[in-house]
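**Student:** Based on the sequences and whatever the hints tell you, model everything.
Numbered per our numbering, the sequence shown spans residues 13 to 406.
Calculated from the structure, these hints are not laboratory results. It should be emphasised that the depicted structure is a prediction, and the values quoted were computed from it without experimental measurement. Each residue gets a CB set at the ideal place from its N, CA and C atoms; glycine is no exception. Honestly, I wouldn't trust all of these hints.
[Stated by the list, open to error] Computed cross-link-like contacts, EDC-like style, restricted to lysine to aspartate or glutamate with a CA-CA straight-line distance of at most 16 angstroms:
id: 1; residue 1: 40; residue 2: 97
id: 2; residue 1: 40; residue 2: 65
id: 3; residue 1: 376; residue 2: 21
id: 4; residue 1: 376; residue 2: 24
id: 5; residue 1: 40; residue 2: 70
id: 6; residue 1: 376; residue 2: 14
[What the hints assert, rightly or not] Distance ranges between label pairs, derived from CB positions:
id: 7; residue 1: 179; residue 2: 254; range: 14 to 24 angstroms
id: 8; residue 1: 210; residue 2: 358; range: 26 to 36 angstroms
id: 9; residue 1: 127; residue 2: 183; range: 37 to 47 angstroms
id: 10; residue 1: 294; residue 2: 180; range: 22 to 32 angstroms
id: 11; residue 1: 79; residue 2: 179; range: 34 to 44 angstroms
id: 12; residue 1: 32; residue 2: 183; range: 45 to 55 angstroms
id: 13; residue 1: 396; residue 2: 335; range: 46 to 56 angstroms
id: 14; residue 1: 298; residue 2: 16; range: 41 to 51 angstroms
id: 15; residue 1: 160; residue 2: 294; range: 47 to 57 angstroms
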Amino acid sequence: MDHRQFFRDARDDLDGPLHGVRVLDVTKVWSGPLATCVLADLGADVVRVELPDGRDGEVPPAIPGTGLSWFRQSVNRNKRSVGADLRTDEGRRTLLSLVRAADVLVENYRPGVLERWGVGYPQCRAVRPELVYVSVSGWGQYGPGVDRSAYDPVVQAAGGWMALNGPPDGQPVRAPTFLADELAGLHAAIAALGALAHRSRTGEGQHVDVAMLDSLLFSSSGLLSLAAAGAPPQRMGNQTDFVVPANVYHCRDGDIYLAVSLDRHWRRLTALMGRPELARDPAFATNRDRLANRSLVDAVVAGWCATVTVAAAVAALAEAGLAVSAVRDLRQVADDPQVRVRQMLQRTRLHNGTEAELTGPAAKFSRTPTRIRRPAPASGADTAEVLREWVADA
13 MDHRQFFRDA RDDLDGPLHG VRVLDVTKVW SGPLATCVLA DLGADVVRVE LPDGRDGEVP
73 PAIPGTGLSW FRQSVNRNKR SVGADLRTDE GRRTLLSLVR AADVLVENYR PGVLERWGVG
133 YPQCRAVRPE LVYVSVSGWG QYGPGVDRSA YDPVVQAAGG WMALNGPPDG QPVRAPTFLA
193 DELAGLHAAI AALGALAHRS RTGEGQHVDV AMLDSLLFSS SGLLSLAAAG APPQRMGNQT
253 DFVVPANVYH CRDGDIYLAV SLDRHWRRLT ALMGRPELAR DPAFATNRDR LANRSLVDAV
313 VAGWCATVTV AAAVAALAEA GLAVSAVRDL RQVADDPQVR VRQMLQRTRL HNGTEAELTG
373 PAAKFSRTPT RIRRPAPASG ADTAEVLREW VADA
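**Tutor:** Dropping the structure here:
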């Protein structure tokens with residue numbers, strides 16, 4: 013389908029499917045800002061309440077040519093900013109005045125901090141009973157570990173993910189992205205939408221508790237259940253425990269990842285490699301056979317890959333209907349026509365007048381398209397405008 017056909021019924025009078033929803037962003041670092049970024053991308057009016065000195069989110073390095081942090085610019089686009097110090101009476105009054113007009117508040121401070129400051133769920137609920145108040149934290153709002161500090165790699169270690177990642181004979185390895193943060197942010201955004209749907213039926217607001225640990229465990233592909241039953245999975249590097257061949261294979265000029273899940277696909281692969289007899293060999297014919305002879309299968313596939321280039325291997329394997337890709341770095345991904353046509357990089361004029369390509373929204377809506385509408389704001393840049401709009405409406 014051509015992208016113009018997909019968007020043929022698109023409206024241009026709305027910012028997205030959440031147009032008109034007001035969200036307060038009282039967050040820091042990554043998990044909370046990511047949650048509100050998702051809501052902002054979907055069209056919500058998201059207002060960050062942050063220290064007015066610009067410190068929050070200014071994590072190096074800067075995006076080349078901009079002088080601005082990749083961190084803040086990536087996750088705070090499509091938002092406005094109100095400068096307020098919540099540790100002061102004035103800051104608390106400012107936030108509570110905005111709460112009166114908000115639909116959702118997202119925060120990711122350590123449990124109990126905002127309540128001690130006078131802007132926790134009980135205080136916010138008192139002025140806005142129908143508020144959806146989403147709290148994101150490392151370990152959740154209750155439980156024996158509630159007071160522990162949490163950073164993304166710490167949660168990866170605690171959640172068993174790090175122990176499964178890396179080569180079988182090497183050290184555990186953290187994910188190179190903020191995996192636990194990002195999963196918690198996505199669950200927080202989904203939970204906010206669920207709570208809004210409930211409120212639309214009943215008028216009831218509520219407190220939503222999202223833990224990074226819980227979010228990571230939810231995305232453990234069911235392996236937690238195996239471990240609880242006494243069959244903990246083992247670290248396998250690039251292989252899997254249920255399909256062979258499935259691995260990274262080195263070609264003449266780089267690497268590919270190939271996975272062959274069906275026996276008929278194995279028969280196609282053997283023909284392509286010029287080894288059709290292996291399709292009938294009792295050591296290789298079925299996936300069960302190949303699982304029992306993993307090293308032999310890998311040796312055959314690796315031997316063929318070593319004779320061809322990445323481009324030739326990918327073209328031949330894809331033509332045969334097999335699941336394969338070159339192992340690419342992000343510079344190569346940025347140049348991919350598929351990435352470009354789906355606008356996963358969108359050139360954006362930043363608040364200081366420079367430009368950068370920022371990662372675009374993932375979900376596509378045929379009727380209410382989403383896009384990067386505005387760059388990350390300078391801290392406090394929209395204070396007067398937001399107070400004028402929101403407080404007048406409260």
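**Student:** Any of the earlier hints contradicted here, and which numbers?
**Tutor:** none
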